[in-house]
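Going down the list, the protein sequences come from chains C and Y. Position in the first sequence (first residue = 1) + 182 = my numbering. Position in the second sequence (first residue = 1) + 6 = my numbering.
Just so you know, the hints here were simulated from the structure itself, not pulled from any lab data. Positions of the beta carbon are idealized from the N, C-alpha and C atoms, including for glycine. Check each hint, because a few of them may be wrong.
Stated by the list, open to error - Derived, one-sided and incomplete: chain C residues facing chain Y with beta-carbon distance under 7 Å:
| hint | residue |
| --- | --- |
| 1 | Pro224 |
| 2 | Phe246 |
| 3 | Ala269 |
| 4 | Leu272 |
| 5 | Thr285 |
| 6 | Gln286 |
| 7 | Pro290 |
| 8 | Gly291 |
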Amino acid sequence: DTEVTQTPKHLVMGMTNKKSLKCEQHMGHRAMYWYKQKAKKPPELMFVYSYEKLSINESVPSRFSPECPNSSLLNLHLHALQPEDSALYLCASSQDISGYTDTQYFGPGTRLTVL
Amino acid sequence: GQNIDQPTEMTATEGAIVQINCTYQTSGFNGLFWYQQHAGEAPTFLSYNVLDGLEEKGRFSSFLSRSKGYSYLLLKELQMKDSASYLCVPMTTDSWGKLQFGAGTQVVVTP
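Based on the provided sequences and hints, a complete structural model is requested.
Below is the structure:
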């Protein structure tokens, strides 16, 4: 089973709202990722968690706040977003971060619209 | 950083074969992934090559030549559902955990 789930599938929020995106995997993977993807562009890495610790932050604005409560869950807390943050947010997981075990499996994504 | 070059778009008819070439320039090369992405959906893992040669998986095969910095993805017996973007993603020892996606190749399958 290579399933990563994400909720919600769609989210519409105002610029003053606070919301959270959730991601879950039960494959025993120890690395989890957040990507942002705009239309007709490739996914861009935002954050990497390895063994529940933040290991990579690709200079993402602080209005995006990741959290990894345990090895199966990854959250992305959103606050004071801008309309240009509207995108598909993808979560992925991999067994580890080293060579073949770096194969990342993606969830279906959350389509976020900021009004 | 890394330089990835693959065609922007390819068109082929149902039942045909298409080969998507990818050349890359990296330091500390440590394998190459191919992903498929349908419009509006998440990328799906297709293959990983780390040694030279051909890996076959059903209708899809992936080839790697490390010395030439070259890979290709071969799609056989094309089906309409194969219309998607195909992303070549080299990994390096400097980029653990970072999938640096290029723009990908949009494959259009026509009846």
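Now for the hints, and whether the structure bears them out:
1. Pro224: Interface hint status for proline 224 of chain C: holds (3 Å vs cutoff 7 Å).
2. Phe246: violated (17 Å)
3. Ala269: violated (12 Å)
4. Leu272: holds (6 Å)
5. Thr285: Cβ of threonine 285 of chain C sits 6 Å from chain Y, so the hint holds.
6. Gln286: holds (6 Å)
7. Pro290: At about 5 Å, which falls below the 7 Å cut-off, the nearest Cβ of chain Y leaves the hint on proline 290 of chain C intact, so it holds.
8. Gly291: With Cβ-Cβ at 5 Å, under 7 Å, it holds.
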